[in-house]
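In order, the protein sequences belong to chains A and B.
According to our numbering, the first sequence is numbered sequentially starting from 1.
According to our numbering, the second sequence is numbered sequentially starting from 1.
Just so you know, these hints were derived from the structure itself, not from any lab.
Ideal Cβ placement from N, Cα and C applies to all residues, glycine included.
Just to be clear, a hint being listed does not mean it is correct.
[Said to hold, decoys possible] DSSO-like mimics (lysine-lysine), calculated; alpha carbons at most 27 Å apart, straight line:
#, chain 1, residue 1, chain 2, residue 2
1, B, 664, B, 644
2, A, 52, A, 62
3, A, 62, A, 37
4, B, 584, B, 644
5, B, 684, A, 83
6, A, 52, A, 12
7, A, 52, A, 37
8, B, 684, A, 12
9, B, 684, A, 52
[What the hints assert, rightly or not] Facing chain B, a subset of chain A residues (Cβ under 10 Å, in silico):
#, residue
10, 17
11, 28
12, 47
13, 95
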Amino acid sequence: MALKDIAPVLAKDFVTLGIDTDRMTGGNALFTRYSPKGGGIPWFVFLDGDGKAIITSDDPAKGNVGFPAQDSEIAHFTVMLQKVRRNITPDEIEMLGRSLVAFRDVKLPPR
Amino acid sequence: MGTRIATVALMLVALGAGLGGQSPGQAGQAVRAVPAAGATPPVAGTPVLVTSDSTLHLQAWRAGAQPESLALAWEARPRSVDAATWTARRAEAVVLPRDGPLTVADVDGDGQNDLLAVDGFGLTVYGRTPAYYRFERFSESGAPNMAAGDLDGDRVAEVVFQRRVLAGTAVSRDIEVVTLAAGRLQTVARHQLPGFGTALAVGDATNDGRADIVTAGNKLVTVLSRQADGTLTAAAEFANAAPIIAPLLVADVNRDGRNELLVGSAGTLTIHEARVEAGRVSYPVVWRSPLLVDPRVTGAGPAGPTALTQAIAVGDVTGDRQADVVLGVLEIGRLDSRDIRAPRIHVFSFDGQRAFTSAWTSDPLALSMVSAIAIGDLDGDGANEFVVNGRELFRRDAAAHTFRSASTGCASCTDGVIGTFGALAEPMASTRVVPLYWDLQGRQIYERQTASVTLTLLNPFAEAKDVAVTVTSANPRLAVAGGVLRVPAVGTGGMLALPPFSLTAIEGSGPGSLQVEITAAGGYRQVVPVPVYVAPALPTYQADFAGRFATASANAQHENRRVLVMWGSNAEQPSQDLILTMMKTPDLAHTLQYEYELVRAEFTGNEAAAATFKAAPATDGLPYLTVLDAHGALLANHPAAPFKATGTGAAAWDGRKLNETLAKYTPPYVDAEPLLTAALDRAKRENKTLFLWFNAPW
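Okay, chain B solo, but in the shape it has when bound:
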């Protein structure tokens, strides 16, 4: 078995009381005081933009002294958990907690907005009555979905969380309602629904004066209303056209005094109107957007482009006093021979009747996604601006019928909300400790694979000296070599890549796990278990060519595909790397999935079979590719050498170039209409019913 070298980035993030200082969880030791910050409110009654960089760093911005400028008005300390939580749960803190979307709501009933920030540990409420709510379990998968609104009509907002629950292979979602009472956040209702929750919103979707919970599980939208006894019941449920729904919004988009339900999905938006008949609420579609993709964008293969609606906001941004819908849509495909993966912003204006018309579409933004759109009048000029991801502020240029964008000042932000707050006091002042967090990327290794693993130390608070990191295997699935790593110091705010160590995955059953111990001068010591997923071994080149080729040919005839024979060797690294290239290059993997039946053949022992196809691996080297049509006719032989690249592993071969070559042999697609006509004729002739189904290769 050849040894594969891969780079797996492990990021160890030590946010904390300082690696060079006290260990935050050790009993009897003093907790390092965190300087007070952020207890003063921003300008009371003035709209501010609160931004998050997704790593617990919150800032509030108000209109600056200069026109169209923003000034920092408030900054919160990096959020954490209380000391008791940390002491009890430090072993769970194995990932970097990420902020979920920020929310603005009055949860303490003082008539002023509070700022709600959530991560995998809990909810932090910044306001006149600051509060912290610790979740029962730390969520390694990140923050739960969160939304807030007055569910019971008492003018105090409840906070709603939606979490994914896995039980075996069953996926469900847990809806939890939390309210602030007597200065304490507590659960007041729970409800479980089947399916993975893809979106959550809170708003008066039934137009009864009280907010409802709207949740989507893939294509199914459920409206939950809170009853007098506190329980949640489904007021309505309907299926959306697209298979994945995200996001949702409840808003009055046509200014008729009644809320509509906005459902974003795969590059489209549908607006549903709540109708009550015989005591039942239904949500017929009253408007549907076109597919929000630049018509010039094509799919990476024969399939069309991919589009994901990622954020929705409603407000008047065009100045016509009608509601506008602002959408962020990620487009994935090809444009002018280039791969594109970029979002655009779409503004739709209500026509005063029943429809929305496109008012503006942005050029592709230099963002990986649109995670948040906030609308508000930050500069007090009577016209709303909107802010994307807390990062880009868009102002209307009425004369030019466009929107101009400018940076908010937070280039790393991923979220932003606009609100007016009376106070933004923080909970947990002097007793705060900040635990050690971990972020681990690429936590997967294949059986029989040896990877060169790089671990990065991030230390934002205080210089750490004499740092030693010891990585050991916690069970037989993993073997570690060179796992003792030392650095003399990591400066404040520093990030340091440690020397790589070697990780080998062993065949067997059970999960893989590492144990990472970090020590530093001053008595700092922390031990954290790190799960590592050991994936089944990579596909190998098979000796029994004849049987596999026959199966592939039969499948190719049935599915109108080509057959690709990869001649290779399990004993040679280049052959192994080509398998990785084919798996890890998205366009190439797509072409293979759509257009090819793949046969990986061990060349040794199958020399005669290769010769029948005039394949010449013996002279041109391995790996080697033979392309055939579904009936076994040779289309091409390709030595792999022209596709060689300079990297290792999946990067050892030029997947893009290989894809361009293999895509040329895509078979002509069959015309569906004549097939249908023939099938209908036959059904009629034989007095049968036509069972017509629609599918796709994915």
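Only chain A is shown next, with the shape it has when bound in the complex:
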């Protein structure tokens, strides 16, 4: 998210905030508030200005996608972006999806 090609795109529609559930006071309580069934992290949610959840990283079929790496996880992430986008374009969403694929493929040797 901090990469120079990615951060400006996300900044068009998002204010970003990371919560460390282990190293922030009340971090775990905050996590439980937004993800009451608990579960694994990384976990993320898009909130409107009133703090209402619009969509979460819980794929209805597969559960929490965590850091999106597998194709199905990246697909859910792009669904999330499509749902909340205002200024980010469809092309930019596709670029963000491709960047996750590239990140995955760089990190992992080819299968």
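Given chain A, work out where chain B should sit, using these hints.
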């Protein structure tokens, strides 16, 4: 480069036809007969406890003559493979085969239970129709997961195996279904699923009268049903809340005539009810346990304690004729300033409605883990007992509302099942040979490291005389010195540590491998290749301090951590040892991971930088520690001398004491709630969406 001395324990286990006797695999030589044992059944129709010590040693126990005592009813010979398998595969036998969990099921359809034991080589069925099933490949990682049940409704149980499959970095699990037909075990179905399999169960999870396969890959639970054509298809799939699932159980816990699915995970249990709507099965949670950790237990650091649900069993142990759930949960953390790592047993009773209430929780057990819980009425008094790991038997004390434990008689056991058997005949009677097995611990060495390696010879069967072990390197990654080791004799059942030899890992590519040749009087000779993992070299102290310190400070500001500068020298052993101490001391490694950005600085050449922090390695010696806040303000300087210990390598420094010191500088944690409020305000003001994510240092 300094030389590091480490002790790597190599265990060579020779189970076998006797090191002093015949080599078991040599063509044309007679195979030493193994005395017949265990062919007679235990008391037919009487519940027995079958225990395993995980090294292929099975025993069955029945109620003894004295009250609350157990007596040995049956004992199997150490299991092995058939002669043909051994001849073909002796080179694969490089690890000590360990028993997987025992299973009880009727696999031959005679209406009587059979006992199923599995190891890395194959499945052994003890029963009226004994059988052995050799796996296609020996599994060095140990026995596959195993469960059994009637998948196709023919009243004969199939056996299901789950194995991990690695292809590059991709991890998947292979599900194999095996059935006994015409006295022969054979594969009848295979299915592959993505992800590392963490748990396996067989039971009628869909309540259609036929057993299903329930498998978990980390957080995802999949229910596989066998179709009429024999194939396996996913009847349902759902994600569990916790990231790692183990174990699973299918049982009717509320006595409504329908099975529920019990899912154990990180210190919790969830019970899922199968619901069928529009032909689809779903598994909503109908009950969830609290976190099963003593509330007094804290985490080793600021994080909470760790808990692992390790075993589940269902049965009436409280005598109320309702199902109880018995759980084994390992707790890891700190209690009263002590590190604890011990399991407890939890008994939950069904309230007759929809919930379970805690009926009893044990004190911490003197076990490293709970690998098995078995429930049954061993003494025939109409009340069930339960047995943990085949080792501790718990009886209910109704008057005291508690459970009392006693040893089963098998102090080394790790597994136990309770069942009633008609016969426990063994396969492979007179043709059995027992191969040479190896167990190798600490098979890792760092590049440029020299280790002092100790090899242990274990010889449970017959005295071996004039034993010579020759260790040589099979490739350029490893260099061996002093690898010819001789001992005059290893007695029956003896274990002998050989004189250490020296192993050095060379920089380069490719795997490391040793070749170990063992000879003994009587013509015994065996040569076994031993893979050794050569890990990248340990971190070193770096010369370019300024750049690394700037990066560490930036990261520390972003993550609210401290900066720890380790002043050291790549040329001095104490500095090298301190790196090992920091890596190998779990609490210290955790503190460093959570609270610090670490800079390892070569002191020579960075004397001026050290002086700016008033660090005095020049007078106090190396290594030396400087603690700074994220903005570069000095918090403390610590000479390392007070942390000196008496050992070598990682034990050269007192990691616990060092951790206590470094943990004192943990920065105050940021309050999450105001951050959220501010971020929401900003999002609203800028007409944006808040992208809120949750993470942790690990």
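Status of the hints after comparison with the structure:
A C-alpha spacing of about 19 Å is found between residue 664/B and residue 644/B, which places the hinted pair at or below 27 Å, so the restraint holds. This hinted pair checks out: residue 52/A and residue 62/A have alpha carbons roughly 23 Å apart, not beyond 27 Å. The straight-line distance between the Cα atoms of residue 62/A and residue 37/A is roughly 15 Å, inside the 27 Å bound, and the hint therefore holds. For the hint pairing residue 584/B with residue 644/B, the CA-to-CA distance comes to about 15 Å; that is within 27 Å, so the pair holds.
Restraint check for residue 684/B and residue 83/A: satisfied, since their Cα atoms lie roughly 18 Å apart, inside the 27 Å limit. Taking the CA atoms of residue 52/A and residue 12/A, the gap is near 20 Å; set against the 27 Å cutoff, the hint holds. About 17 Å separates the Cα atoms of residue 52/A and residue 37/A, which keeps this hinted pair within 27 Å; it holds. Distance hint between residue 684/B and residue 12/A is fulfilled; the C-alpha atoms sit about 14 Å from each other, no more than 27 Å.
Pair hint residue 684/B plus residue 52/A holds up; C-alpha atoms about 12 Å apart against a cutoff of 27 Å. Taking 10 Å as the C-beta cut-off, the interface hint given for residue 17/A holds, the closest approach to chain B being about 4 Å. Checking residue 28/A against chain B by beta carbon gives a least distance of about 8 Å; that is within 10 Å, so the hint holds. Interface hint at residue 47/A: satisfied, since its Cβ lies 4 Å from the closest Cβ of chain B, which is below the 10 Å cut-off.
A distance limit of 10 Å between C-beta atoms decides the matter here; for residue 95/A the minimum to chain B is near 17 Å, and the interface restraint is violated.
In this structure, only the earlier hint numbered 13 is contradicted, and the remaining ones agree with it.
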